[in-house]
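There are 2 protein chains.
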Amino acid sequence: MFIDRLIEEIKNKKSPIVVGLDPRFEQIPQSIKNACFSEHGKTLKAVAEAILEFNKGIIDGVSDIVPAVKPQIAFYEQYGLEGLHAYIETCRYACKKGLLVIGDVKRGDIGTTSQAYSNAHLGSVDIEGISYETFAVDAITVNPYLGDDCLKEFVTDIQKRGKGMFVLVKTSNPTSGQLQDLVADGKRIYEVVAEMVQNWSQKTLGKYGYGSVGAVVGATYPKESKMLREKMPNAYFLVPGYGAQGARAEDIVDCFDENGLGALINSSRGIIFAYRQSEKGYTEENFSEAARNEALRMKDEINQALEKKGSLYY
Amino acid sequence: MFIDRLIEEIKNKKSPIVVGLDPRFEQIPQSIKNACFSEHGKTLKAVAEAILEFNKGIIDGVSDIVPAVKPQIAFYEQYGLEGLHAYIETCRYACKKGLLVIGDVKRGDIGTTSQAYSNAHLGSVDIEGISYETFAVDAITVNPYLGDDCLKEFVTDIQKRGKGMFVLVKTSNPTSGQLQDLVADGKRIYEVVAEMVQNWSQKTLGKYGYGSVGAVVGATYPKESKMLREKMPNAYFLVPGYGAQGARAEDIVDCFDENGLGALINSSRGIIFAYRQSEKGYTEENFSEAARNEALRMKDEINQALEKKGSLYY
Chain A
251 MFIDRLIEEI KNKKSPIVVG LDPRFEQIPQ SIKNACFSEH GKTLKAVAEA
301 ILEFNKGIID GVSDIVPAVK PQIAFYEQYG LEGLHAYIET CRYACKKGLL
351 VIGDVKRGDI GTTSQAYSNA HLGSVDIEGI SYETFAVDAI TVNPYLGDDC
401 LKEFVTDIQK RGKGMFVLVK TSNPTSGQLQ DLVADGKRIY EVVAEMVQNW
451 SQKTLGKYGY GSVGAVVGAT YPKESKMLRE KMPNAYFLVP GYGAQGARAE
501 DIVDCFDENG LGALINSSRG IIFAYRQSEK GYTEENFSEA ARNEALRMKD
551 EINQALEKKG SLYY
Chain B
251 MFIDRLIEEI KNKKSPIVVG LDPRFEQIPQ SIKNACFSEH GKTLKAVAEA
301 ILEFNKGIID GVSDIVPAVK PQIAFYEQYG LEGLHAYIET CRYACKKGLL
351 VIGDVKRGDI GTTSQAYSNA HLGSVDIEGI SYETFAVDAI TVNPYLGDDC
401 LKEFVTDIQK RGKGMFVLVK TSNPTSGQLQ DLVADGKRIY EVVAEMVQNW
451 SQKTLGKYGY GSVGAVVGAT YPKESKMLRE KMPNAYFLVP GYGAQGARAE
501 DIVDCFDENG LGALINSSRG IIFAYRQSEK GYTEENFSEA ARNEALRMKD
551 EINQALEKKG SLYY
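Going down the list, the protein sequences come from chains A and B.
Position one of the first sequence corresponds to residue 251 (my numbering), numbered consecutively onward.
Position one of the second sequence corresponds to residue 251 (my numbering), numbered consecutively onward.
I should point out that these hints are in silico values taken from the structure, not numbers from a laboratory.
Please note that the accuracy of each hint is not assured.
Copies of the same chain look alike in the list, so a pair counts if it works inside one copy or between any two.
[To be verified] Derived DSS-like pairs (lysine-lysine); straight-line CA-CA distance at most 30 Å: (1) K473 to K437; (2) K410 to K295; (3) K410 to K264; (4) K410 to K292.
Please read these numbers as outputs of a predicted model, since none were measured by experiment.
The following block holds chain A by itself, in its conformation from the complex (with noise of 0.2 Å):
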């Protein structure tokens, strides 16, 4: 089951942090990519092989120190075919490595084709008897907008498959509350989306108390995620915003509950891009440990943040 798999992860490396792999192509070391260049040209082909081959290295420097990775799905799309066979392989790659994947895709649709983005993502396709995986990840991203009956199609994957969902809640970005934090009937839109979350949450219920249909909410709204806290207590939340997005230690420990369980943070770009920190001595060479040395870093801000609550979770 997902959300057991995971919490035993977090608690044997000790660490509640999950990397995003934002492959942005302009921010890869330069090496690698003339590397790729030099043996593909200036294709498709070569971006994927950068990518890729960046993505080991970044996943080689955490493997051992965080539970679980999510690539955005965007950042390899956007290069076609190519870029999402550089997807799958980097799923594939972060998987043989010990670590849960995440894919944060964001889909969602009508019943039917909900269904198909699950065959996709989560589960397989049948061929006339025969059974095809494609994308499938540990768990994804689902967008609530059309409600119930587009999430329900993921649940089933979700229950006979072992895997997992994270419904966008309260997103990270500065517009979020637009449509999320308007109040009808004295509670906000994104409290409606929680109690569906946590409906669906109790029915994907794990042996530590979490479902796992779990929550979006974002660490650059600390207050929301307290109170959200109490509104989804099966749920557990996948924290975008921390570091480069502006959100800290303090902004996140309400993402917890008193046994330091409950959140999953995210840190894409001040993981990944960290050699770029030239003031702390990084260079393009030592990607990976740069990569490594800021995930320690974070993994003891957070920690420390947790023990100053009293709630450890180890």
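For this one, chain A is given, so just place chain B on it according to the hints.
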């Protein structure tokens, strides 16, 4: 400009119809599937070839009588890279046949990530000075749950490249009301989205008074669509739900303005799998002709309803 090309094609063909290319593999004619299986075995490649072959037959059958097709990417994505290759080839074939292509992708994310999706589906990526298009089509559907800083990333490509998008406002599925119908400050959530869309429509206006940013408004909610027509005078409607989902011509007439413009009505299963209606004398062999006949029938139904209302567009 997308919206002007769309309106001109609607007028030329006297047909406000878009054919949804949602190739549910189980429903593709067995003869096509068998031919592909015998060449490629029961593989993803065989499925992709069968989907493409089927789509070409449908496009051949309808290309002179409808202005546009709308492939639903989920039905391709579930078959992995091979499936997405069929998506790309389907879009290319439709374009070559003079059709506008609306990619039903329902993407949407935080700002910089939406930019990557826009690169993928409307624009292009730049590899050190060389530009590549990957999944680029004429217009796409977009999910608004993250607010304006998601939408605006797509608008840049829309303005710069003459593309379009349809933002989900009121979707056609049974649970669409769970979030979309909630009332905040006297306005339903879909009205709030409608105001955002109307704002972007005005910023992308073409010569017929409509903008290249339009709205998805389900045919299954006729009362709501009448009100939304007034709320968004400059937004073209992409209207799913006709036929297989239950809506009929009288349900969609109020999506149109007094000149018979303003709406593009989608039918997917009702047209592409018409051949399965054996009571009409259709067979597998004439699936293309069956689709053509049903598209013509739908066109007549809609035009008659518009004529009755006194708002025919030609």
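A quick look at each hint next to the structure:
no.	hint	in the structure
1	K473 to K437	both (15 Å within a copy, 26 Å between copies)
2	K410 to K295	between (36 Å within a copy, 27 Å between copies)
3	K410 to K264	within (29 Å within a copy, 48 Å between copies)
4	K410 to K292	between (43 Å within a copy, 24 Å between copies)
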